[in-house]
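K.L.:
Work out the full structure: start from the sequences and follow the hints.
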Amino acid sequence: MRRNTYLLTALLSAGLMACHNEPAFKVEGTVSGAADKMLYLEHTSLEGIVKVDSVKLDESGTFHFSGARPDSPDFYRLRLDNQVINFSVDSTETVTVKADNSGFATAYQVEGSENNQKIKELVLLQANLQEQVNKLGQSGLPAGVAQDSLFSLVNAYKDQVKRNYIFAAPNKAYAYFALFQQLNGYMIFDPLTSKEDVKCFAAVATSLNNLYPHADRSRNLYNMVIKGMKNTRTPQVKDVTLPADKIQEASIIDIELKDLNGKTHRLTDLKGKVVLIDFTAYSSAASGARNLALRELYNKYASQGLVIYQISLDADEHFWKTAADNLPWICVRDPQGPYSTYLSLYGVTQLPTAFLVNRNNELSLRVEEKTNMEEAIKDLL
Numbered sequence: 001m002r003r004n005t006y007l008l009t010a011l012l013s014a015g016l017m018a019c020h021n022e023p024a025f026k027v028e029g030t031v032s033g034a035a036d037k038m039l040y041l042e043h044t045s046l047e048g049i050v051k052v053d054s055v056k057l058d059e060s061g062t063f064h065f066s067g068a069r070p071d072s073p074d075f076y077r078l079r080l081d082n083q084v085i086n087f088s089v090d091s092t093e094t095v096t097v098k099a100d101n102s103g104f105a106t107a108y109q110v111e112g113s114e115n116n117q118k119i120k121e122l123v124l125l126q127a128n129l130q131e132q133v134n135k136l137g138q139s140g141l142p143a144g145v146a147q148d149s150l151f152s153l154v155n156a157y158k159d160q161v162k163r164n165y166i167f168a169a170p171n172k173a174y175a176y177f178a179l180f181q182q183l184n185g186y187m188i189f190d191p192l193t194s195k196e197d198v199k200c201f202a203a204v205a206t207s208l209n210n211l212y213p214h215a216d217r218s219r220n221l222y223n224m225v226i227k228g229m230k231n232t233r234t235p236q237v238k239d240v241t242l243p244a245d246k247i248q249e250a251s252i253i254d255i256e257l258k259d260l261n262g263k264t265h266r267l268t269d270l271k272g273k274v275v276l277i278d279f280t281a282y283s284s285a286a287s288g289a290r291n292l293a294l295r296e297l298y299n300k301y302a303s304q305g306l307v308i309y310q311i312s313l314d315a316d317e318h319f320w321k322t323a324a325d326n327l328p329w330i331c332v333r334d335p336q337g338p339y340s341t342y343l344s345l346y347g348v349t350q351l352p353t354a355f356l357v358n359r360n361n362e363l364s365l366r367v368e369e370k371t372n373m374e375e376a377i378k379d380l381l
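Letter 206 of the sequence shown, counting from 1, is numbered 206 in the working numbering, and no numbers are missing.
Don't read these hints as lab results, they were simulated from the structure.
Each computed PhoX-like pair below joins lysine-lysine, with the alpha-carbon atoms no more than 25 Å apart:
(1) K300 / K370
(2) K263 / K273
(3) K26 / K51
(4) K227 / K195
(5) K56 / K26
P.N.:
Structure representation (structure tokens):
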């Protein structure tokens, strides 16, 4: 009996030692000015944020976490209250972080890998962009001018990140991180409706798939790229036989969709009005500023006969209903989303895209980037 007990004890000890000796990454460092606060280590998984470990900081602010080595690059974050420090792990490396309670999310120092230095650079660039956008929102500029300024800021940011982080090293973890940064809660790079942005996702997906073909992130990114490429594929030039019920005397392709209350709105029922057709996605980063600009036009010209017929291609119906609830114009949604038949019928390849319809219910103008939309509306009114 005693012999069996010794054997069992030896086996348990060996098992515990084996577990202890498994390859692991370490995250350690100090957070000053945060005594008695909780510091959390969280995994940024594909399913969401998952708590891994936590520690109550003492006066010294020192901390030490460890985790199993991932089979492919993965992402974690340290969280103090509502401030986070993002970092990547792709080996048994030790990531060392020094931070202060007051500037935890931006003024930290990180050592251990080039990836995490670059991730910090991206975090600071995004924080600067967010600050400029916030100032723009408080500037009091006319909505149309503010929208143009917002587009310029976001496009300049995207060009910089594409050039210096994504296309420069698509095989690096920081390139993947760059793809998923957000502005006001929306993704800055659009993997579903922007042809140029899809190229960024494709570059990183190709590199990840070559290096880690069986990783969940590789497969997930690959699937996103395939969907984005389908959505943004340039339609083939061919003769199209339009359904009879789409062709009206007014020489316009009719659109018939339901609003958030289930009421059907037909484009041809608006004959006698000047109609702005707006194909959009409320989930895009620029949607808020665009709707502010449209509201300004609507407030000015609705009494003179302007109608806005806004078509959402959002996949999330609940999100659309919430976003459209307080808008004063006609807001409809195509449940087919990016696969909407109306996109091909109207030749829409990117969002947002707008058209103007005259009072005779005839398609009058496709709104381009350089179009002065207000002047065009006034001419039709």
